[in-house]
Amino acid sequence: VQQFRFFGIPGRQAYRELRLLAGQAAKVQGERKAGAPVLDNPRLDAVLAAADAGCFATYIMKQGGVLVPRKHHLVRTAYELNDEPSAYGDHGIRIYGIWSPIAEGKICTHAMKWKKVRKAVDVQEAAADQGACAPWTRGNNCPPVENTNKSGGDLPDIKTMNEKELQDYLHNMGQKERRELTARLRLVKPKRKTVYKQNISEQQRLQLKAELTARGFEGSASEIDLLLRGGSIPSGAGLRIFYRNQRLQEDDRWRQWYG
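Residue 1 is where the sequence shown starts when you use the working numbering, and the numbers rise one by one after that.
Any given hint could turn out to be false.
[Stated by the list, open to error] Below are the DSBU-like pairs computed for lysine-lysine, each with C-alpha atoms no more than 30 Å apart in a straight line:
hint, residue 1, residue 2
1, K106, K119
2, K33, K106
3, K191, K176
4, K27, K115
5, K115, K159
6, K113, K159
7, K159, K176
8, K197, K164
9, K27, K159
10, K113, K27
11, K176, K197
12, K106, K27
13, K71, K106
14, K191, K209
15, K191, K164
16, K164, K176
17, K71, K116
Because the hints were derived from the structure by calculation, they are not lab data.
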């Protein structure tokens, strides 16, 4: 479930690329006066200046305002295809920089192309870490339930304990025993609740249908099933009818909720 969803504003990636471009230009310009234009087009330079100042509100207005289609924005993110295919043979896209429909060409903000390379194995370091177990990764922080009773001993049956024995056992448990008990409790499936429904004969069902019809109800199977399951039907004036002890009864105990 998304906690935040932005809509109706210019692209945030273009905002990041403009800030990156402003930082790169500041390094190249060196001793030039602060606030000097970076882009030749004054409209585009105004968008860059707003992003460089960190004023997102001004950036939105310089891009055209809120609820403006992105095809009308002045600065947009430029993408390019990767040079090398992935392990599946497709050339994905990567961020190149920015571009604008009112200016020719693209401006590159990612001149350096980084590549993931596996770290070389150090023989001495690998030999020293032979006894260490593999660290946890972000891939799976919820491993399957393990057999916590590795000692081989039989765990006590807490079902046969009385209240005092159970309290003493829980009070004297160590951290390891608590983990074992927690794992055992997680494996216990809760009992399914039985649905409450009154069982009546066919003669009683016909009698109930006749009473409902006499009171102005349809006497349908859904109404009868609702009453047999403990439900009630409004009968007017804040009263509701229900079926109990093989009798159709009427009460106003639901008045505070249905009045």
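Cross-check of the supplied hints:
Only pairs whose Cα atoms come within 30 Å are accepted, and K106 paired with K119 is rejected, the gap being roughly 35 Å. As the CA atoms of K33 and K106 are separated by approximately 25 Å, the hinted pair is consistent with the 30 Å bound. Taking the CA atoms of K191 and K176, the gap is about 28 Å. The hint holds against a cut of 30 Å. With a C-alpha separation of about 24 Å, the suggested pair K27 and K115 falls inside the 30 Å cut-off, and the hint holds.
For a cut-off of 30 Å, the pair hint linking K115 to K159 is broken: about 59 Å separates their Cα positions. Restraint check: the Cα-Cα separation between K113 and K159 comes to about 64 Å, which exceeds 30 Å; the hinted pair is violated. With a C-alpha separation of about 20 Å, the suggested pair K159 and K176 falls inside the 30 Å cut-off, and the hint holds. Using a Cα cut-off of 30 Å, the hinted pair K197 and K164 is violated, with the two alpha carbons roughly 38 Å apart.
Between K27 and K159, the direct Cα distance comes to roughly 73 Å. Violation of the 30 Å bound is thereby established for this hinted pair. Straight-line distance between C-alpha atoms of K113 and K27 comes to about 19 Å, which keeps the hinted pair within the 30 Å bound. A C-alpha spacing of about 45 Å is found between K176 and K197, which places the hinted pair above 30 Å, so the restraint is violated. For the proposed pair K106 and K27, the alpha carbon gap of about 20 Å is at most 30 Å, so the pair holds.
Proposed proximity of K71 and K106 is supported: the alpha carbons are some 16 Å apart, at most 30 Å. The hinted pair formed by K191 and K209 fails the criterion: a straight-line CA distance of about 35 Å is larger than 30 Å. Simply put, K191 and K164 have alpha-carbon atoms about 26 Å apart, close enough for the 30 Å limit, and the pair holds. For the hint pairing K164 with K176, the CA-to-CA distance comes to about 22 Å; that is within 30 Å, so the pair holds.
For the hint pairing K71 with K116, the CA-to-CA distance comes to about 34 Å; that exceeds 30 Å, so the pair is violated.
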